[in-house]
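Take the sequences, apply the hints, and build the full model.
Chains A and B supply the protein sequences, listed in that same order. Counting from 78, one number per residue, gives the positions in the first sequence under our numbering. Counting from 78, one number per residue, gives the positions in the second sequence under our numbering.
A couple of the hints might just be wrong.
Same chains, same label: a pair holds when it works inside one copy or across any pair of copies.
When the alpha-carbon atoms are kept at most 20 Å apart in a straight line, the in silico SDA-like pairs for lysine to any residue are as follows [what the hints assert, rightly or not]:
no. : residue 1 : residue 2
1   : Lys139    : Glu173
2   : Lys139    : Cys172
3   : Lys471    : Ala210
4   : Lys215    : Phe91
5   : Lys509    : Arg107
6   : Lys81     : Ser127
7   : Lys509    : Gly148
8   : Lys81     : Leu197
9   : Lys353    : Ala380
10  : Lys86     : His191
11  : Lys290    : Arg442
12  : Lys81     : Asn125
No lab work stands behind these hints, which were simulated from the structure alone.
2 protein chains.
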Amino acid sequence: MAQKPSIPKGTRDFGPQEMSRRNYIFNTIREVYSLYGFQQIETPAMENLSTLMGKYGEEGDKLLFKILNSGDFLRGIYSDDLAAGATGHLAAQLCEKGLRYDLTVPFARYVVQHREELALPFRRYQIQPVWRADRPQKGRYREFYQCDADVVGSDSLLCEVELMQIIDEVFRRFGIRVCIKINNRKILSGIAEMIGEADKIVDITVAIDKLDKIGLDAVNEELREDGISEEAIQKLQPIINLSGTNEEKIATMRQALAGSEVGQKGIDEVEYVLNKFNGARGKEQENTSCPSNPLAPCPLPPAPNIELDLTLARGLNYYTGCIFEVKALDVEIGSITGGGRYDNLTGIFGMPGISGVGISFGADRIYDVLNQLDLYPEAVTTATQVLFINFGEKETAYSLPIIAGLRAQGVRCEIYPDASKMKKQMQYANQKAIPFVAMTGETEMAEGKVMLKNMQTGEQKLLTPEELAASI
Amino acid sequence: MAQKPSIPKGTRDFGPQEMSRRNYIFNTIREVYSLYGFQQIETPAMENLSTLMGKYGEEGDKLLFKILNSGDFLRGIYSDDLAAGATGHLAAQLCEKGLRYDLTVPFARYVVQHREELALPFRRYQIQPVWRADRPQKGRYREFYQCDADVVGSDSLLCEVELMQIIDEVFRRFGIRVCIKINNRKILSGIAEMIGEADKIVDITVAIDKLDKIGLDAVNEELREDGISEEAIQKLQPIINLSGTNEEKIATMRQALAGSEVGQKGIDEVEYVLNKFNGARGKEQENTSCPSNPLAPCPLPPAPNIELDLTLARGLNYYTGCIFEVKALDVEIGSITGGGRYDNLTGIFGMPGISGVGISFGADRIYDVLNQLDLYPEAVTTATQVLFINFGEKETAYSLPIIAGLRAQGVRCEIYPDASKMKKQMQYANQKAIPFVAMTGETEMAEGKVMLKNMQTGEQKLLTPEELAASI
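Okay, here's the thing in structure tokens:
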């Protein structure tokens, strides 16, 4: 009779295996963020709607999950308003709070609210779920995690350099081959200036951002529809089609944007960031030793694939300087990380003049890439290491102190709680993919030993309790 | 002009220091749960209201945060209903979803929904925030974390034993001295039977649960008000006042409840759990070596303080067997952990007959206890280990590869992003409590070295890049 319970569409349960994989992703990112001096913060799931509304455009406002006021939520609302059915207006009266839509606006709110306690420049990272009332579809959820790192309170391009190092290091640890794309909004402004369409910068960036997806002809068509002159579109072609090494592209663009001050500034910034990034990978690193074995020389990690891509615009128009995007080389999937510099994040909360730069790892897509390439280290997927078979009261009394000893040495153990049939207990070990099973029957007890069975090879060893841990 | 932004009442921001302390708490609990073969799951923040409503009593229903339906939330609602102002009825029409109120009901829903994939007995742990529209007050929040572990699908008392071991181990790791209180609902039923008031079991447990807070006279007064006969109250006195060792209490109760089958069963269960718990701490453990130093013998940890407390009832009436509660010995605060066995968790979702037992660590109270006793290990509160002073372009170019080398060895480093005045950079190091500052000026560069300053002692050392990591 009872209907099987379910969860709201667009949300997910994460079972044990998914959780250990997701924890591996979050922990890797967390560890690298920490190495760069970033510190974690958390903000509440619920923010005041006044904090959230108007920050994500009209469309974004509609996608906010709003929380019905507690108690008598109709107090003060006239039935006329209700009957009129003006949902937007009414929602604002029924709801004071909403769920976090991203981590950026709550972070800006945090910086302004806690400005007196913060040491600027402030490097924070934040790994929390966000909620959007989007139409759910493949790969798009109503609840998903964001993993952001930002530095606020410094204009220095060293921040950009370090964020690129973080991206490089994280994907190196995952074993995912990537291309890190970089561009600069100031170069895009320079281009708009140069082709005589400075006021159409937004339309132009939106159109050329789609090059990868829709191709050159469609981009040009969209530019025409935006009212960009044919002459300007012609001038744009060599830039959209720019090729060569990053150094060659920079040299070409320096000439092409000779007349644009802002354009030159953008090129300077990109050049500086790329040079410093490469400089940090200098020879010193060849002499440092591996963390895992301090005596072995650490090979220089392979040079990352970094590409100055002038068609990279990133949808969000609050970026003002360098912008980044990361593509996986071996899996067809959208961008798996992105970010950039913004100049007035906290201005919306009355604290202008704070520059910042940040990145965000797309945990759900990284999860898909790691799954497709099967890149998880084995340790990630092993939960319990040994299952002790339950033969009954006497045997359990014998096993418990041995189990306690193993746990004290960091071995993850279980004893099957019931003295069920052997077959059932073995099935349980298989279902949970537990690599070892320990047996303590009459014989083993008489000898003061434990029989340890390797579930993959089938091999059995009779061991003393002291020898156990070393064999697992 | 702009008002300083704020967050909803009863919610909190967690800054870097709070986060590292909270992570220490969660990671410790997580690690111990893993040692016992528990696996993590996560469920969505939003559940269907049909899953949540009616599970927490009438009061609980009111404390659920409800989420306004997206889009045209007034569709299908008659203006008469609106005008009538029946908020309860209307809320159900305006909202299909609500925020998680605890981790138990979502877990029950999870078990039923995923029953085909699960290997029973299923040991899961879950560490996630929950939300309650309670009136905020000191120590009570509208958003707070729960840290639950449960085993479902086994009646075995070994589960109780292991959960007590987990409690013992977690607080040993924290360095918090505790008393673990144990009781059994069946003993309480036996007592009610014995005094001839079997049908008043709920009233009786609710009253004697308050002994600690309101004292004996007030408890007796409440029993009278509940309609318990004077004779029954007199019979109850020696039980409420029971003292002695656990063994003595068990012996006394065996006699007192001689006529009650259920009472004897409860005593058997408690005795079994206490015996097995002590047995697991057997001599074997003395011979196992320390995880930190495999060659040193590991001293047997001090015997935990465990007390059979017949006045322990725990408010929640779904418990059916053993119940647990943990009190800190050195801080005045309510219970910091609790749990027990329940026999029909998943029955509410149409899957009867699944027994389970679980515990829940109160992270917020544990945080308060650790703060009051100042028990955090030093490593927990150190974020960045070295700050490189920024002297300008040339010096930065020299420092970057050295920093990269340190990070490759696991040292958490920052370089101050701007070439600001020395004083400002040193201030930043002090504010963030960074223990070392590294300087690379003209002299150091000429010698290929780095000046490392210990910020606590003021001591300075001139070191090669290779020598740096060892000195930090």
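Each hint tested on the structure:
no. : hint              : verdict
1   : Lys139 <-> Glu173 : both (15 Å within a copy, 17 Å between copies)
2   : Lys139 <-> Cys172 : both (13 Å within a copy, 16 Å between copies)
3   : Lys471 <-> Ala210 : neither (57 Å within a copy, 50 Å between copies)
4   : Lys215 <-> Phe91  : within (17 Å within a copy, 33 Å between copies)
5   : Lys509 <-> Arg107 : between (28 Å within a copy, 19 Å between copies)
6   : Lys81 <-> Ser127  : between (38 Å within a copy, 12 Å between copies)
7   : Lys509 <-> Gly148 : neither (46 Å within a copy, 43 Å between copies)
8   : Lys81 <-> Leu197  : between (52 Å within a copy, 19 Å between copies)
9   : Lys353 <-> Ala380 : within (14 Å within a copy, 58 Å between copies)
10  : Lys86 <-> His191  : between (36 Å within a copy, 16 Å between copies)
11  : Lys290 <-> Arg442 : within (18 Å within a copy, 52 Å between copies)
12  : Lys81 <-> Asn125  : between (35 Å within a copy, 12 Å between copies)
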